[in-house]
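Novice: Model the full structure from these sequences, guided by the hints.
Chain order of the listed sequences is A and B. Counting with this note's numbering, you get residues 1 to 440 for the letters of the first sequence. Counting with this note's numbering, you get residues 1 to 314 for the letters of the second sequence.
These are computed hints drawn from the structure, not numbers from a lab. Please note that the accuracy of each hint is not assured.
[Unchecked claim] Pairwise CB distance ranges (calculated):
1. B:150 - A:189: 47 to 53 angstroms
2. A:87 - B:41: 35 to 41 angstroms
3. B:138 - A:317: 34 to 40 angstroms
4. A:120 - B:41: 26 to 32 angstroms
5. A:295 - B:160: 34 to 40 angstroms
[Said to hold, decoys possible] Some chain B residues judged to face chain A by a derived CB distance under 8 angstroms, without partners named:
6. 62
7. 145
8. 148
9. 169
10. 172
11. 219
12. 257
13. 258
14. 272
15. 273
16. 274
Here a beta-carbon is modelled for each residue, glycine too, at the ideal position from N, C-alpha and C.
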Amino acid sequence: MDLNRPAFPLQSQNNAAAPRNRKALAATALAAALLLSACGGGAAPQGAEQAAAADPASGANASGAVNICGVKDASGIYKGTAEAFTKANGKVTAKYTEIGATTDEARTQIVQRLEGKSTECDLFITDVIWTSEFASQGWLLDQTKLVEANKDRLIPSTVETTKYQDKYWGSPFFTNAGLIYYQKDKVAKPESWQQLYAEAAKAPGNGYVYQGKQYEGLTVNFLEMLYSAGGEVLDDQGDVKIDSKETRDVLNFMSDGLKNGSADRAVLTYNEDPARLAYESGDFGYQRNWPHVYRLLNATPLASSFAVAPLPAWEGGKASGVLGGWNLAISAHSTNQAGAVAFIDYATSPEWQKHVAMDYSQAPVNEAAYSDAAVLQKMPFATELLASVKGAKPRPISPVYPQISQAIYKNVYAVLSGTASTEDAVQKMAEEITTAKASF
Amino acid sequence: MATKTLQPGRAAPAKTSGRDRAERRLAFRMTAPSLVIMALVAAVPIGYAIWLSLNQYSVRTAGLSRFVGLENYINALASQEWWAAFGQTFLFAGLSVSLELVLGTAMALLLNLAFKGRAVLRTVVLLPYAIITVVSAITWQTMFQPNMGLVTNVLSTLGLPGGDVVWLGEHGYAMAVIVMADVWKTTPFAALIILAGLQVISAETYEAAELDGASKWQTFVNITLPLLRPAIVLAAIFRTMDALRVFDLPFVLTRGANGTESMSMLAYTQLRENRLVGEGSALSILTFLTVMVVSVIYVRFAGGNIRDVAKEEQ
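Specialist: This is the structure:
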């Protein structure tokens, strides 16, 4: 929506005829605006409808076509799963439609379709942080019964990412958790954040790289430490708990790390890929990144010298992390809900979850897959990954999550870049999150 | 608006006779289709955005909205974020447009010289302008990457200051990169407009100056610059309007960090990321009004002279 593109060139060129025509133009514009405002008010549907629920038994008798929509299929997992499912099922045909090159674009496209009640897509591949926003808008089918039926084969932390107001609005497809990559010839295995930072400051080539740009990734990097230090953003009642000693400790710790050389100031400009590229130069000791980096690092000269570890614990606390990953959400406007249920049954099955790891290097949502011999061969760090996934927690669950995350990453960034004191940033963060939660 | 000063030589309409009126009606009927199209293309979206900006749309409950009048505007104007973005956008526009005009004039003067392959060069200089902004932003980001970027590497190899600076991670430096990226991309555009202005200055004026013994510098200051003014003003209007709406450069390079968040970025964040449709629309309209006020000022104080200057000098 480019609402703010003015039309000045037209005005300055046509001014010979302007005085008289302007009145007419104004009249037309006014009429159009009135017309629009008249229907604008009525166009919005009134109140949330009671969300329909998915029936777990319906998958067995499904037939027809299922269209799955989501972000560009970089690893091939979405198309691959759709093809394998179609072949295995025999009655239902699934196809994958890419509707956005990046996560942000895909979200915009999905929101547009959901707002317009489009029936184009039966299933959406949704980022774990979208659940509450989409569910609160009544856009998704309630999957509580389906999730309950499949619960014994899904890792509990991944199921939690689909929860909003005591109901489940999606099924986890594959998950994601941060890992530490380290140069085992230069630095020690990370046991605690304090030890990692101390080790990183010891020599110029030992430094730690993470994602410190002002964006969602910084929220994740910060929360990973905050959770391990025992802090939280919102408690179970949804009250704001960010104004805490833990938040201050973590902020001071991160900002000291930039000053004493544990982390290069360049991390303030890094998102995932620049962080990986910097690490690949061999000038660093530790890197925080996602599992997909494993395969990429293996193709570099660092292949023989790097190792993988789960995120470390806060000194005196326990290891934690932040869950990423993607869920399968059924559109409330799907015309083939049974087909969508059948697809979910297949995609989350223990058998297919092994392929998720082996064929596409993604983290399965089925615990048994991590100890499967064939998986371990393709994904030697599966044990570390499982530890990270099981210890990880979801990001704050709220329909205004984007605002909460902005409040976090903007204020954390201000402390790291040295433009705000820890105290001011913590107070501002708490204030902004409280305001966001009070959004209409 | 400055419409009056822009219509020299147009006689005041005589007393309106019946025939005049008929003709005027005919004229109106003939222009009506284009007026309707203009209304649909320009006025309707703006009108709709204004309507959206007077409401709030719930982010918690589907389909819930309420009319709030000017509340979204009041909140925006009371917020620190808006004024920070406002100042930063103007700083960016001021710096980049001044540099573009100076460099654009220099470039136009060079391109106006007679030399072999001039036609080809005139096309080639437009190349940066043809590159998609997001793509060029990513290129600039790579060049200023600490440790491995082209610029930072060259600077530190030569022992020049700035080699060890994290350009996109520091206040001031980040703005400098964004200004550079914009100047690099759009100077050719300014140059082309100014070149067009140069070409309409008649050779006789220069010959006369030469006969009178004017130096090159005197010729430039007393003839070229005044006659070029309309073209420079035009380039300034176009560039300022674009610069005040800047979005893609800071979005890619810094995500608005380190004092580079623009008015458009703020509107985008509210509208798209936070789905605060009313609040975001109010910010869009405020951006729109800011740009409109600035261009009206331009037309009034600088643009109004476009014809006058040309006439005086003839």
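Novice: Looking back at the numbered hints, which does the structure fail to meet, lowest number first?
Specialist: 1, 2, 10, 11
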